[in-house]
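Listed below, chain by chain, are the residues.
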Amino acid sequence: MTTATAQPTTKLWSGGKSPFNVSYGKLMMWYFLMSDAFTFGAFLISYGTIRFSQNVWANSNQVFNAFPFTGHANLPLAFVSLMTFILILSSVTMVLAVHNGHNMNRKGVEKWLIFTILGGLAFLGCQAWEWTHLITGDHEVLVNGTLQHWGTTVTHNPWGREILFNGKEVATPGPIAFGGYFFGITGFHGFHVFSGVIINSVMLVKTRLRHFEQRGHYEMIEKAGLYWHFVDLVWVFVFLCFYLV
Amino acid sequence: MSQVITAEVFHHNDNAQVKRIWKTFWILLVLTILELGIGLTIYTIHKGDNPNHTLVLMFKGLICIFTLAKAFYIVSVFMHLGDEIRNMIMTIIVPLLLFVWFIVAFLWDGNSWKNLRNTDAGSRTYIEKVQPKLPAKEKGHKD
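Chains L and R supply the protein sequences, listed in that same order.
Note that numbering that gives the first Met the number 0 has the first sequence beginning at 0, numbered continuously upward.
Note that numbering that gives the first Met the number 0 has the second sequence beginning at 0, numbered continuously upward.
Chain L extracted, bound-state conformation:
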């Protein structure tokens, strides 16, 4: 450009206005979430590598076939569908809280935040039940010629290949990595849900104390919302990698 006005001598950004038209906090939340995506991605890809390196892997339809209060009924994928539904719904209530924040509607923000927190707690409760069921489970497994009863833990995997033993089909121990990856990754995700619930609770308290009303905007709710949606986003992939394929 050949304008007569004084050109800056450097090609570096000179500040003064946001190049992306978003606030610093929101932009940094995005970059934090991007780095978190790489963390989760690394975990899930590591799991994929180990799974691809094995001749047999646990069959998710067999491992995750229980539902509370139904005894030993064979209901593959049913419970995890409920968990997925709860998380999607809590994502909707969160985006509605953000929306009410845009409209400076304090009551609306409070209402939808409470629903979001309840959704998060419901999800955590479901996960606690699922973990307990897996760890305390009692599965017949053939180890060194004798039948033993194993639960699914980070050291025991009773979901290996099935072989004939005394005329009936019995499972053998499966790849030991299964439990570690399952509890590790769903645990790390559950920890994110837990911190999301804490963050949303803090937001609820600050909303009730009219902090955002006095500040003139509800941008903090937007940032908390970004985090919460990210947790939902990660679950979409955890759901894919552990339960569906």
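Worth flagging that the hints you see were computed from the coordinates, not collected in a lab.
You may find that some hints are simply not true.
Said to hold, decoys possible - Derived lysine-lysine pairs resembling DSS-like cross-links, with alpha carbons at most 25 Å apart:
{"hint": "1", "chain 1": "L", "residue 1": "106", "chain 2": "L", "residue 2": "222"}
{"hint": "2", "chain 1": "L", "residue 1": "25", "chain 2": "L", "residue 2": "222"}
{"hint": "3", "chain 1": "L", "residue 1": "106", "chain 2": "R", "residue 2": "18"}
{"hint": "4", "chain 1": "R", "residue 1": "46", "chain 2": "R", "residue 2": "59"}
{"hint": "5", "chain 1": "L", "residue 1": "167", "chain 2": "R", "residue 2": "46"}
{"hint": "6", "chain 1": "R", "residue 1": "18", "chain 2": "L", "residue 2": "110"}
{"hint": "7", "chain 1": "L", "residue 1": "110", "chain 2": "R", "residue 2": "22"}
{"hint": "8", "chain 1": "R", "residue 1": "22", "chain 2": "L", "residue 2": "222"}
{"hint": "9", "chain 1": "R", "residue 1": "59", "chain 2": "R", "residue 2": "113"}
{"hint": "10", "chain 1": "L", "residue 1": "222", "chain 2": "R", "residue 2": "18"}
{"hint": "11", "chain 1": "L", "residue 1": "106", "chain 2": "R", "residue 2": "22"}
Bear in mind the structure is a predicted one, so any value in this text is a computation, not a measurement.
With chain L's structure known, arrange chain R on it following the hints.
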């Protein structure tokens, strides 16, 4: 989006915005139900006498596509990334392209590891140590 513009746009299109949120919810729900349907189909195929592995692989690919669609809707609508300035969208999306290499390279590596182990690094052919399959039976009753 700057605060002022955001507030105005949202105020004018208040109902449209809420409708869009619920529409996205229904899309996500339908995609999840489709995924479950395919998941249960795979389960039924596996229970059968002669599982068609190509068909299973195709179904799994379809589930992956649905998952990516869900991810797109969550990020674009719920996280409002679709409403941001293009440059900002790119600073998020472009680094994530690293995942393409990441996934391909590591799954390839895992598969190669399996083949090397099964064949003692290519020095013998792989013989699968499985007993003849029993007729189809109801699985998942072991607990």
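Here is what the structure says about each hint:
| no. | hint | verdict |
| --- | --- | --- |
| 1 | L:106 - L:222 | 19 Å, holds |
| 2 | L:25 - L:222 | 6 Å, holds |
| 3 | L:106 - R:18 | 20 Å, holds |
| 4 | R:46 - R:59 | 16 Å, holds |
| 5 | L:167 - R:46 | 17 Å, holds |
| 6 | R:18 - L:110 | 18 Å, holds |
| 7 | L:110 - R:22 | 21 Å, holds |
| 8 | R:22 - L:222 | 23 Å, holds |
| 9 | R:59 - R:113 | 21 Å, holds |
| 10 | L:222 - R:18 | 22 Å, holds |
| 11 | L:106 - R:22 | 24 Å, holds |
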